[in-house]
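Construct the entire structure; sequences and hints are all you get.
As a plain string of letters, each chain reads:
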Amino acid sequence: MSRIELKDLRKEFGNTVAVNDLNLTIEDGEFIVLVGPSGCGKTTTLRMIAGFEDPTSGQIELDGKIVNDLEPRDRDLGMVFQSHALFPHKNVADNIVFGLRMQNVGKEEQLKKLHEVSELVRISHLLTKMPGQCSGGESQRIALARTLVTEPSNFLLDEPLSSLDAKLRRELRAECDRLHAELQKTFVYVTHDQEEAMTLADRIVVMDLGEIVQMGSPIDIYSDPVSYFVADFFGNPAMNLIEGEFFKEGDGIEFRSDSFNVSVPASYNNMTPGKGTFGIRPENVNVSSSKGDGSRKIGLVEPLGKDTLLYFETTATRPFVAIVDGTESYSAGEPVELTFPDENMFLFDSNGDRIRS
Amino acid sequence: MAMTLSQKRQTFSVFRYAILTVWLCIVAFPMFWMVGTSFKPDREWFSWPPVYITENATLRNYAIVWANINEYTKADGAHIDPKTGELSQYTQSLQRPWTALRNSTIIAGLATTLAVIFGSVLAYGVSRHQILSESRMFQLLMLRMVPPIVLIAPISLWYRQIGLLDTITGLVILYFLTSLPYAVWMSKSFIDEVPREMEQAAEILGASRWRTIWEVVLPLVRSGLVATFLFILILTWSEYLLALLLSKAEVLTLPVELSKYQGSTEGRVYGRQAALSVGITIPLVFVGLIIRKHLARGFSFGMVRR
Ligand SMILES: Nc1ncnc2c1ncn2[C@@H]1O[C@H](COP(=O)(O)OP(=O)(O)O)[C@@H](O)[C@H]1O
Ligand SMILES: [Mg+2]
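Residue numbers (the numbering used here), protein chains in the order written: chain H, 1 to 357; chain W, 1001 to 1306.
Simulated from the structure, these hints should not be mistaken for laboratory data. None of these values were measured; they are calculated from a predicted model. There may be inaccurate statements among the hints.
Pairs of lysine-lysine, DSS-like flavour, derived with a Cα cap of 30 Å [as the list claims (entries may be wrong)]:
| hint | chain 1 | residue 1 | chain 2 | residue 2 |
| --- | --- | --- | --- | --- |
| 1 | H | Lys-90 | H | Lys-65 |
| 2 | H | Lys-129 | W | Lys-1293 |
| 3 | W | Lys-1293 | H | Lys-90 |
| 4 | H | Lys-90 | H | Lys-107 |
| 5 | H | Lys-113 | H | Lys-185 |
| 6 | H | Lys-185 | H | Lys-112 |
This is the structure in structure tokens:
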């Protein structure tokens, strides 16, 4: 049983508030992903949990015990660093058994665990190499093995895959998932990559400017973002977000912008008119052959096989994107009609907060 | 005809080796001359045209300097001045190269070891815990920029007061203090190269602070510290001014001994000086050979792969 609780956790560096009164409970065995843009305080949060940074204020509890003053090695944690931080002067096997040696585990036991863990992360063939001779993906596995072998209750991983290329990332992402499923330990995983967060997390914690913006399952975050920021951050291609203004039109509300005018569903009739943003995910845009006015010309067609992306020029810097089935054929310049289902519309006010129906 | 890229590279590399060779010759020439002179008989020291490689090689210079033997030595070992037939003053002053060697070894060895140990501990504190601010670090270096001559008067007065004048301890302390800034600066540059995350990885795996330093930091900076050691050893080994002025009679070091090889009657005795110089240089070369595998890495100032 192991539960990590952060209470009003705060960290200031001079005038910078890196982490701003964070409250978060991480349950035993949970795979939690801290995600947010670079500089939002993810690493600092993780390093405070690990004990490498002293909080300016607030508490860190492990299993209900305050551990603020505990040394990192006494916190029952394992950490995988972004840089891997392998010891360059020790070979792979010595790197892996380092933690066991520090805990005065016997020689035989060390060997047994070394072989178990190297099977687990599939690096048995590397044991006599030096870290300098290993590739990025191999180093990553070694770093994982070095942490796994000491069997901590909680794993902290700081952007462990960010230095790898796309294919390896996907591979090792699956590996992380498998390890978590096998070990049933708590994983706190930091990344700035929304895709990693979506695929790995039991629960996603979205951070911005040192604060938690939203927490929830990947599907919650995706389908019910609380703000412009979250809506924009998750999804690839990203949600279409169009700046404009909401006007009162008789009983209803009408959204107007340079490129789109949309009738807002009646359920929003009580909202306050004013500047804001209209959002719709590319996969929710309905595309049909044009009949009459209101038609739009396709700017660019990007077939991806299963799906095809259609791009439309707008006055904003980002083109408007629609996803259609790969079997439908469109060509650039072709006029089409775009419609948006009521239930898939997202409205945000001028502060970026979600307007709810 | 235009050159291909690989031809260009080759030309460049030939050019580079040519420059390096010329440079090596310039640097090595004094050493060649020193070794050569040490084997020359007296008349060839400044003969014209110069003798580059003597055909009358002799060990006489070495014998006189290091074994205190020459044709004027009487059976009982006393030295006779060849001109006056008296016991010679100057030969007597030449009688102590082994004492000087012993003193230099103790003084330079001890001061350098202390400087590297204290310096690296201090540097670790500066690198990891900012125990000295940036400006303090520069002040430390500026301290070393004070010309030694400025220090002489106050220090010799003070040393006389506390009884350190003309003692080995006195010189060790002084050499230790004057080389400490170098030791701190140099070893800090190596410690800075070791990523903090490397230490933190060890720490969270259960290593104590000392264990982390012993198993992770030290192996990674070892070459750097060895390079620092040699650098400071060369400085202290060949230090002359402070040694000359702070040791009157008792504590003679090699550079001071070297300066005494000029007789009032014969002028500079170059062959003897060369023979002594060779003897002074050999220990340094020897130390360099022992630690040579560290030097290339240490002096490249970028040994740790990130
Ligand atoms: N040691 C430090 N000293 C000063 N500022 C820091 C330090 N570490 C982090 N910061 C600042 O704190 C903020 C959060 O940093 P960090 O936690 O590293 O963000 P992230 O990991 O989400 O990219 C940033 O503005 C960063 O500049
Ligand atoms: Mg970070």
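Now for the hints, and whether the structure bears them out:
1. Simply put, Lys-90 of chain H and Lys-65 of chain H have alpha-carbon atoms about 36 Å apart, too far for the 30 Å limit, and the pair is violated.
2. This hinted pair checks out: Lys-129 of chain H and Lys-1293 of chain W have alpha carbons roughly 21 Å apart, not beyond 30 Å.
3. Distance check on the hinted pair: Lys-1293 of chain W and Lys-90 of chain H sit about 18 Å apart at the alpha-carbon level, within 30 Å; holds.
4. Distance restraint check for Lys-90 of chain H and Lys-107 of chain H: the Cα-Cα separation of roughly 17 Å lies within the 30 Å cut-off, and the hinted pair is therefore satisfied.
5. Between Lys-113 of chain H and Lys-185 of chain H the CA atoms are separated by roughly 18 Å; this keeps the pair inside 30 Å, and the hint holds.
6. Only pairs whose Cα atoms come within 30 Å are accepted, and Lys-185 of chain H paired with Lys-112 of chain H is accepted, the gap being roughly 21 Å.
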